[in-house]
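Taken in order, these protein sequences are the chains called D and P.
For the record, in the first sequence the residue sitting at position 202 is 202 according to the UniProt record's numbering, with numbers rising by one throughout.
For the record, in the second sequence the residue sitting at position 109 is 109 according to the UniProt record's numbering, with numbers rising by one throughout.
Check the hints yourself; a few may be wrong.
[Unchecked claim] Covered stretches of chain D, as calculated for chain P (at least 3 residues, CB under 8 angstroms):
| id | segment |
| --- | --- |
| 1 | 27 to 34 |
| 2 | 46 to 55 |
| 3 | 66 to 78 |
| 4 | 81 to 91 |
| 5 | 116 to 128 |
| 6 | 168 to 182 |
[Unchecked claim] Stretch-level coverage of chain P by chain D, calculated; a stretch enters the list once three of its residues show a Cβ under 8 angstroms from a Cβ in chain D:
| id | segment |
| --- | --- |
| 7 | 21 to 29 |
| 8 | 45 to 54 |
| 9 | 74 to 82 |
Just so you know, these hints were derived from the structure itself, not from any lab.
Don't be surprised by glycine CBs; every beta carbon is placed ideally from N, CA and C.
2 protein chains.
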Amino acid sequence: MCDRVARVEEPLLVERRPLPVEGRLGRQLAFIVEVDRLKTVLRASTLAADARRENDAEHSWHLALMVPVLAEYADEPVDVGHTIKLVVVHDLVEIYAGDTPLYDDEARVSQEERELAAAERLFGLLPDDQAVEFRALWDEFEARRTPEARFAKAVDRLEPNLLNWMAGGGTWGTPGVTGDTVRARTAHIGDASHALGEVMVSLIDSAERNGWIAAGQQGVVGPA
Amino acid sequence: MCDRVARVEEPLLVERRPLPVEGRLGRQLAFIVEVDRLKTVLRASTLAADARRENDAEHSWHLALMVPVLAEYADEPVDVGHTIKLVVVHDLVEIYAGDTPLYDDEARVSQEERELAAAERLFGLLPDDQAVEFRALWDEFEARRTPEARFAKAVDRLEPNLLNWMAGGGTWGTPGVTGDTVRARTAHIGDASHALGEVMVSLIDSAERNGWIAAGQQGVVGPA
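All chains should be built: construct the whole structure from the sequences, respecting the hints.
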């Protein structure tokens, strides 16, 4: 499995092989085919079930299942169906923008610009009403404006750290990262869910004791 | 990427590395970690964006995005949030039962028994109330009892055939399969959505003309 982030000006998949469907439904199917590329965008984390890296489609599915299982721990009540829609859509822009690893500060600098260009391109494939609807889901998630978006962001942050724990380190081994870096980058989990925030703290404490995260207060901390 | 279907009596992933969380939340996290295995269950179809085979987690995510994009074509009104939950859960049993390819009649014979044993094991990891809730979602999907389940099944059947079209054949090349096999196995798409049924017919007709499906009325037909 290799990382194949597409350039934003690359031809669409359906331009290589046009579907025999036109009009509104043709635009919707072109979008549905194009998003297949999310399966080729690799993340930094490795799976719990295998030694290979996770991709964005797998990650998005995992969140979509975590949301209904864990929704009872949201400190503000959330609409579960809407929260699942947020997580299904939240990483689509990475089709053209690529994944920005949580502990990679250099990539995080240019992230916003790359993702905005990707959103224009991708959501613009849909009929206008749906382009607005799906773009609004992504904006809602990014801005953490609603209880659903805050809980979706918390689950999005918990998942790779849970995979790190199962891998006995994973991306916690990124040079410069210490327990305090991980505490800072995961602090907003507890803003949306006190209980899940406590889970994250237990994972970090236990990983430090096991030597899976460098202990101590030095190292990269930075914003959440 | 290789196929790693787990045996139903294999230790859980969290038994290899127990999480530092107990009680109800501990059971929920054990389930969330165990379902990571869905990312290792390979399907017969290849991606539109790459030459490799798709896995069940990627497929489930793709359906979860297709549902809100295509819900307007359901002939009976559907609750979009609930339909997304059905597709997120629908393939979980394949973690222990493996994927049963649409055009593999031999595997289809033992499918039900393998999937029931898998459901007992997997949903039983959850706290009792959620075990009932998630098992009910899977039962609803399998029985096509509700408009949401019928639409979810239609989208589940459309997706691999859309990937086949983008691959210029894919699993349509399974020995013995002809245009009429594909017509029979996809007929229930039109039962849930007249418009998506017509899309499927256009894909098959065009694939026959392009030589991507063996034409003619011979071959494996069998139940949908």
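Results of checking the hints against the structure:
Proximity of the segment 27 to 34 of chain D to chain P, defined as three or more residues with a beta carbon under 8 angstroms from a beta carbon of that chain, is established by the 5 residues found. Here the segment 46 to 55 of chain D counts 7 residues with a CB under 8 angstroms from a CB of chain P, which clears the bar of 3, and the coverage holds. Coverage of the segment 66 to 78 of chain D by chain P holds in this model, with 5 residues showing a Cβ closer than 8 angstroms to a Cβ of that chain against a need of three. With a threshold of 8 angstroms between beta carbons, the proposed coverage of the segment 81 to 91 of chain D by chain P holds, since 6 of its residues qualify and at least three are required.
Under a criterion of three residues with beta carbons nearer than 8 angstroms to beta carbons of chain P, the stated coverage of the segment 116 to 128 of chain D fails, only 1 such residues being counted. Counting residues of the segment 168 to 182 of chain D whose beta carbon lies closer than 8 angstroms to any beta carbon of chain P gives 1, which falls short of the minimum of three for the stated coverage. For a cut-off of 8 angstroms, the count of residues in the segment 21 to 29 of chain P with a CB near a CB of chain D stands at 4, and the three-residue condition holds. Counting residues of the segment 45 to 54 of chain P whose CB falls under 8 angstroms from any CB of chain D gives 6; the rule of at least 3 is met.
Check result for the segment 74 to 82 of chain P against chain D: holds, 4 residues qualifying (beta carbon to beta carbon below 8 angstroms, three or more required).
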